[in-house]
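Novice: The whole structure should be built from the sequences, with the hints applied where relevant.
Residue 20 is where the sequence shown starts when you use our numbering, and the numbers rise one by one after that.
Hint data in this document are derived by calculation from the structure and do not stem from the laboratory. Honestly, I wouldn't trust all of these hints.
Unchecked claim - Have a look at the derived ranges for each label pair, beta carbon to beta carbon: (1) R86 to I29: 41 to 49 Å; (2) H103 to P27: 49 to 57 Å; (3) A49 to G104: 32 to 40 Å; (4) P73 to L53: 13 to 21 Å; (5) Q90 to L30: 36 to 44 Å.
We put the CB at the ideal spot given by N, CA and C, even for glycine.
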Amino acid sequence: MNLTLQIPDILARLLTQDEPSEGRGLLVEAVCGLYARHRVTSGEAAAMLGISRPDFWHELGRRKIPRQYTQEMLEEDLAFARRHG
20 MNLTLQIPDI LARLLTQDEP SEGRGLLVEA VCGLYARHRV TSGEAAAMLG ISRPDFWHEL
80 GRRKIPRQYT QEMLEEDLAF ARRHG
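Specialist: Right, dumping it as structure tokens:
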């Protein structure tokens, strides 16, 4: 789907300040916002941006957005570590 938006020049400059490719900054902002609101997982967000999950986590860190890590995820990681440690 293609979407055309008219945004103020100042917003366009701010969005492309760290992302020189046109529109990429807006996409990253939108996906990070969806993740922060628990609308998508880190895997889904990374796929939307065409990057690896660790690269997406790095992007979250740059933006000071906390990673979502549930008790269930912790238990799965601990169980995996016990089996393979």
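Novice: Taking the numbered hints from earlier one at a time, note which ones the structure violates and give those numbers from smallest to largest.
Specialist: Number 1 only.
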